[in-house]
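*Asks:* Residue numbers (our numbering), protein chains in the order written: chain F, 1 to 281; chain X, 1001 to 1281; chain C, 2001 to 2315; chain G, 3001 to 3310; chain V, 4001 to 4308.
Careful: at least some of the hints might be erroneous.
No more than 27 Å apart at the CA atoms, straight line, and that leaves these computed lysine-lysine pairs for DSS-like [said to hold, decoys possible]:
| id | chain 1 | residue 1 | chain 2 | residue 2 |
| --- | --- | --- | --- | --- |
| 1 | C | K2229 | F | K156 |
| 2 | C | K2244 | F | K155 |
| 3 | V | K4235 | C | K2244 |
| 4 | F | K134 | C | K2229 |
| 5 | C | K2203 | C | K2229 |
Selected chain V positions facing chain G (Cβ under 10 Å, derived; list incomplete) [what the hints assert, rightly or not]:
| id | residue |
| --- | --- |
| 6 | F4082 |
| 7 | A4083 |
| 8 | P4085 |
| 9 | V4087 |
| 10 | P4091 |
| 11 | S4093 |
| 12 | A4096 |
| 13 | W4168 |
| 14 | D4198 |
| 15 | S4263 |
| 16 | G4267 |
Think of the hints as simulated: they come from the structure by calculation, not from any bench.
Backbone N, C-alpha and C fix where the C-beta goes; we use that ideal spot for every residue, glycine too.
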Amino acid sequence: MALPHIMERSAVTEARPDRSPAGSAPVISATDLDLTFRTNDGPVHALKGVNLAIGKGEFVSFIGPSGCGKTTFLRCVAGLEHPTGGTLTVNGMSPDEARRARAYGYVFQAAGLYPWRTIGGNIRLPLEIMGFPKAEQAERTRRVLELVDLAGFEKKYPWQLSGGMQQRASIARALAFDADILLMDEPFGALDEIVRDRLNEELLRLWDRTGKTIGFVTHSIPEAVYLSTKIVVMSPRPGRITDVIDSPLPRERPLDIRDSRAFIEIAHRVREGLRAGMVDD
Amino acid sequence: MALPHIMERSAVTEARPDRSPAGSAPVISATDLDLTFRTNDGPVHALKGVNLAIGKGEFVSFIGPSGCGKTTFLRCVAGLEHPTGGTLTVNGMSPDEARRARAYGYVFQAAGLYPWRTIGGNIRLPLEIMGFPKAEQAERTRRVLELVDLAGFEKKYPWQLSGGMQQRASIARALAFDADILLMDEPFGALDEIVRDRLNEELLRLWDRTGKTIGFVTHSIPEAVYLSTKIVVMSPRPGRITDVIDSPLPRERPLDIRDSRAFIEIAHRVREGLRAGMVDD
Amino acid sequence: MRALGPVLVVLLALLALWYAAVPVMNVQETLTRAERAGAVIEPASAVERRDMASIGLALRNAGQLGEAWSLERPRLPAPHQIAAEIWASTWDEEVNGRRGIVQSGSFSNRSLVYHAGITLTATAAGFAIGAVLGILLAVGIVHSRVLDLSLMPWAIVSQTIPIVALAPMIIVVLYSVGVQGLLPKAIISAYLSFFPVVVGMVKGLRAPDAMQLDQMRTWNASSAQVFWKLRLPASVPYLFASMKIAVAASLVGAIVGELPVQQGGLGARMLAGSYYGQTAQIWAALFAAAALAALLVWFVGWLERRTLRAMGGPA
Amino acid sequence: QEMDEVTLQLKWVTQAQFAGYYVALEEGFYEEEGLDVTILPGGPDIAPTQVIAGGGADVIVEWMPAALAARENGLPLVNIAQPFAASGMQLTCWGDVGIESPEDLDNRTLGVWFFGNEYPFLSWMSTLGIATDGASEGSVEVLKQGFNVDPLLQRQADCISTMTYNEYWQVIDAGVTPEELVNFRYDEQGVATLEDGLYVMEEDLEDPEFVDEMARFVRASMRGWKWAEENPEEAAMIVLDYDETGAQTEEHQIRMMNEVAKLTAGSDGALDPEAYQITVDTLLGGGSDPVITAEPEGAWTSAVTDAALN
Amino acid sequence: MSGARPGPALAVPAFAGLAALALWSATGPAALALALVVLTALAGWGAVAALSARGTAGTGLIAPLALGLVVLVAWEVLVRAFAVPQVILPPPSVIAATFAANLPTLWGDFVQTILKGGLTGYVIGCGAAFLTALLVDRYDFLRRGLLPLGSFMAALPIVGTAPILVMWYGFGWQSKAAVVVLMVYFPMLVNTVAGLADTSAMQRDLMRTYGASWGSTLAKLRLPAALPFILNGLKICTTLALIGAIVAEFFGSPTLGLGFRISTSIGALDLGMVWASIVVAALAGTAFYGVVALIETRVTFWHPSQRR
Ligand SMILES: Nc1ncnc2c1ncn2[C@@H]1O[C@H](COP(=O)(O)OP(=O)(O)OP(=O)(O)O)[C@@H](O)[C@H]1O
Ligand SMILES: Nc1ncnc2c1ncn2[C@@H]1O[C@H](COP(=O)(O)OP(=O)(O)OP(=O)(O)O)[C@@H](O)[C@H]1O
Ligand SMILES: Cc1ncc(C[n+]2csc(CCO)c2C)c(N)n1
Ligand SMILES: [Mg+2]
Ligand SMILES: [Mg+2]
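With the rest of the complex left out, here is chain F:
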């Protein structure tokens, strides 16, 4: 029962590459991507035949059950993992080249701030590594701190901030060197719903202001629906894309939008996609 449904979605997915907005070349483009981990217990097929094109300025969420390869895909894009098949380009380059060109900022699940550096020091860290001049480091740090609403906390240490503030600092750090692409792997997974709501709102505003391309992994259906222009639903073993949903929601999204009909419908479709993937398993 579930199978034809998926097939249909997959067909849609494969047709995508040419459909990227404004007809311009996609920022991230994956064709027939395959990745197999070799482990002691034999190979783990983490990604299989993944096709996806992400256009400039899109906000793409990845959702799927645990272990379906969301993180793996994001890591491939970041050049942290190397696909065993297919092609993947970022800004027309290979992911490794893109990494060396510092084409993206990456936000990990936990905030991962260094406890021995102040918030300002943490944000300066990538700038130091990339060799920005001192004055510019200070200027950029100031700017991103303002962007994530943490002005005044520059001299504080991470443990002096709440979890939500830490996560914002971590986002600021990824923004500091102003890459066009932002990759975020479950950045709000550890936060409670209310804080999460607020950060979601802020993230949307930031995206709106900066026009960045964002890849966003989440486990939460409402979060995915609320944030994205495009939702990628994945299923595990081997990880593949079962559905790609273009959101009809407007760019402006008050939190109330979650009680709207359209929102609930997309959420329903995502849930269906997820269940189908599970049954299929």
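Following the hints, complete the assembly by docking chains X, C, G and V with the ligands onto the known chain F.
*Replies:* Positioned in the frame of chain F, the structure of chains X, C, G and V with the ligands alone reads:
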């Protein structure tokens, strides 16, 4: 704007004790409960004037922002924390007596299985401590493993199971000695939405079958609404109850119910209650 | 301060136990002395008493044990004897002694202050060498798989060699290649202290998790940058924990190194005390060494607190 | 004027046993001979033979058994002078356990110094026909004695090794009366071995300049010894000043100096060939496991003392 | 990356060949020998690098052996080439020969020092520390009163305590065991106490919800949780025990034992025997450590540090 709203709810709350189902004495009853932690930085007022009555067979969810005292309240019920004011009875006894009488099973946020024991060994643990005969230990272990759908995993070690399976094992452990009350502190907090959905369904079924009284802490609004017969909304500093919502949803709840009008309305009311608490803060 | 109460109580209990043990431990010598002084002892001769249990002997001659707490060569000196010896060989010697700092302008070679100073110098030098060596080895092990595979087992084997027993020979061999004075002692001291540092530092340098290392990769950081900005700061707590063990080991090494050389130091002092049967002197040197160790460990702890605070840890 | 540098390695810690060298240093006798002498104190488990083999010293104070054993082990040491004419080593026993003569030692527990000092004892036991593998009929139990006289005082051993000038007096100082003790001087048992001689490497002696240097060294050292014999108290004070451990007491060192003087009294520095022969015979007679297996050749020379004394 | 390196097929024979060449040159010119030793070391590095890059099974064993071999070759060659006197440092071949020729003596020493002195002290010391830890864990008063004093005791250097203990317990292995007890007691105590405390508040609360007694909390929660720490303590103490037993013999012993052998042989300039005794000590120590490490992996298989 928010204040009168809360006041109204609180008034309703206080009227509760006499309203417990079937007019029978409540299983858990708190009157004017107060708890202040003394810390190095001065006192922390964790619970203030909490009044609540939980009747037999109810499924009560506690929801509220981080630090509002949900865990503290549950721990008071379990006799792990001692209120500094007010009265609290469990099955008519003091919580400590109830604890010694093994009146409840407690499920902590993380699975908290002992890594040096197999799944079976973990479930047997309380039985060993309570001095059940060997044969009955085996029998009960088998039964609860089946109940949580883990038959066949008895000989495995915790780390060989997925997070969701571990959490189910932890629930099985709390069920094994068949207490009438089940206290669960964010048991599914660490799981992804899909697994969580499934466990929610199973928990409901279990509750339905066994007729236990369940106290359940969560951060997730949909989860609270989906599971409960009664939702207790709390606000922080000092932690107090701002709203108690009796759910009009039927006992039978397919997952789809979450797309229903009634469901969305309750969820909305919970969210409003939470926001009000935040603003009030 | 809250910890002081229990410590004092336990200390008092131990002291009481100690005083009670003194007559039992010293019973043979005490009775022999009493016998020489003409008292009637049961049994009468030292030969008969030789193989008897101390407690029984003490009970049977309870009246003759008065001297047990003030023997000159006790098996177990009474605490006040040790205290007196410590006082005599520190304050008294320095202030009133002919060679003391008050009269001669330099520390007396009969005072524990002087010997503790010598030991401290060797310990500091050895600890510095050991810590630096340990850190360098750890850096090598973390950055080179070949070193990791081949060096670590030998580091363990190195600690099974009774270096303490070899100290005299090592000093002679070093001597023959022209190394003498402070350095041989420091080398033995370093040998004992590098191992805990290697173990702790390897653990510390590997403390950053995969996520933090990946984070660095997303910024395309060089391995030097990863080391200075991530691994090194992350290893600091581990480094200090192992340095506390290492500094105590250094002290033992320095003391051992002083034994054969006999040119001052607490080790030389202990041995000389043992050689001349001056039990109180051994015990005094022993306590001085333990106090020195406690001081060194405290000092490392203080450094740790300061460093961590400078690094922004919760005060 | 250019001074010749000489390093002397002692056999034991700084004490009056080595007073002659410290006196010569302090009183400028070495300087008068144009020598710049460094005295290295020894200590437990420092083998002077090893030090000289490694080039850490030019000349060492060593006991002849250890020196001859080293010679057999491939380290050609040569005795160039013998300031100690007599042996000070003895076995000190409790009288009250019934030991009167050497035969009574059978089946006893005895403390013995090892580290190259055990050879005269083993040789003695072998002449007595007593084995050393445990306390039983026809055998004694041997303990490796540590650095002090506690084994005797604690009665862990019936007898221990002592030096007439040192450990014996420590026993007395501990309150034991001389009447309670029985002493067996190795000298008197006919198993004496030469102690505290000066040894150098054989190959060095091929250099006439070195021989001359040593001649001056021995001459100055013997001057020191004679000065010390005549001024025991001053000598002891000089020794005390050189003791860096600060462990020695005046009383003990003065007494030690007096006792040591008895052993050095008969010597002008030259080795007595007869005493040498007794030593060699003792060592060759070490029973089943003799220290040296063959009569040594060239283990001593009178070249240096001849030059020094003329 | 790994393709750029010479494979093991090349590096291993090169290593073996160079080692042989170095040994052959041992009595030749010193400079040549030195050069060959350096080359051997480099070849050894290459061999291990190649093996580990391939992830060949057993590299974990081969690598340290290769390093050991390099050290032995260097030792043998340099001692011979630079004509170091045997009474200073004998070459490995001489040590091996002495070892082989004195097996019965060394066995006797091993039994006396390692089995009687070391092992007895180890068992008593670790056992006493364990029992103390239970007490300290039970009574917080003792924890606060005893532990600070214990750390003071741990700082007592063995060279000071050994003569006293020999005086108290005699010349036999008993005094050696006493020294070992004193050496292992504190590390073991600290580890066990830390282990018993290493349970999360949640795990302890769980036991409380079961109304569990102190005894069953100990048996079912704290002891199992403490096992990794306890075994770590036991592991650390192995080397301490052996060193303690050997060193204590320097302060008085019967006429056998490794410490006795080492000290007596130095006096007789029998350096071959000294090193043969050291080899016995190192072998015994490594084996002892290895056995406890093996038990550790078996018993604490569930601990994250053992799972990878
Ligand atoms: N380094 C690795 N070696 C072997 N297998 C791996 C590795 N990394 C991931 N995997 C496996 O690949 C699969 C996909 O993992 P991935 O982390 O991408 O999942 P995910 O979708 O991010 O899951 P989650 O929601 O739990 O984070 C899983 O089965 C995982 O066990
Ligand atoms: N043992 C304690 N000592 C001092 N303060 C405490 C203690 N336990 C809890 N608190 C404080 O009491 C308040 C309530 O804590 P509680 O754990 O009950 O919150 P919660 O609602 O469960 O939060 P969360 O959703 O984060 O689990 C918090 O401010 C917390 O910091
Ligand atoms: C470890 C050891 N034990 C005993 C001696 C024997 N010894 C030789 S000279 C001397 C001083 C005499 O008072 C003593 C005790 C030693 N050399 N080393
Ligand atoms: Mg992931
Ligand atoms: Mg909580």
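*Asks:* So, for every hint listed, does it hold in this structure?
*Replies:* Against the structure, the hints come out as follows:
1. A threshold of 27 Å between alpha carbons decides the hint, and for K2229 (chain C) with K156 (chain F) the separation of about 19 Å falls inside it, so the pair holds.
2. Using a Cα cut-off of 27 Å, the hinted pair K2244 (chain C) and K155 (chain F) is violated, with the two alpha carbons roughly 31 Å apart.
3. Between K4235 (chain V) and K2244 (chain C) the alpha-carbon distance is near 19 Å, which keeps this suggested pair within the 27 Å criterion.
4. Only pairs whose Cα atoms come within 27 Å are accepted, and K134 (chain F) paired with K2229 (chain C) is accepted, the gap being roughly 17 Å.
5. At most 27 Å may separate the alpha-carbon atoms for a hinted pair to count; K2203 (chain C) and K2229 (chain C) meet this at roughly 17 Å.
6. The criterion of a C-beta within 10 Å of any C-beta in chain G is not met by F4082 (chain V), whose closest approach is roughly 13 Å, and the hint is violated.
7. Interface hint at A4083 (chain V): violated, since its Cβ lies 12 Å from the closest Cβ of chain G, which is beyond the 10 Å cut-off.
8. Interface hint at P4085 (chain V): satisfied, since its Cβ lies 5 Å from the closest Cβ of chain G, which is below the 10 Å cut-off.
9. Because the closest C-beta pair between V4087 (chain V) and chain G is about 5 Å apart, less than 10 Å, the hint holds.
10. A least Cβ separation of about 14 Å between P4091 (chain V) and chain G goes past the 10 Å threshold, and the interface hint is therefore violated.
11. With its C-beta approaching chain G no nearer than about 16 Å, S4093 (chain V) sits outside the 10 Å limit, and its interface hint is violated.
12. For A4096 (chain V), the interface hint is violated, since its Cβ never comes within 10 Å of a Cβ in chain G; the closest pair sits about 18 Å apart.
13. Annotation: W4168 (chain V) was flagged as interfacial toward chain G, and the flag holds, the nearest CB pair being 9 Å apart, inside 10 Å.
14. Annotation: interface hint on D4198 (chain V) violated; nearest CB of chain G at approximately 43 Å, more than 10 Å.
15. Using the Cβ-Cβ criterion of 10 Å, the hint placing S4263 (chain V) at the interface with chain G is satisfied: the shortest such distance is roughly 6 Å.
16. Checking G4267 (chain V) against chain G: minimum C-beta separation of about 3 Å stays under 10 Å; hint holds.
Of the numbered hints listed earlier, those contradicted by the structure are 2, 6, 7, 10, 11, 12, 14.
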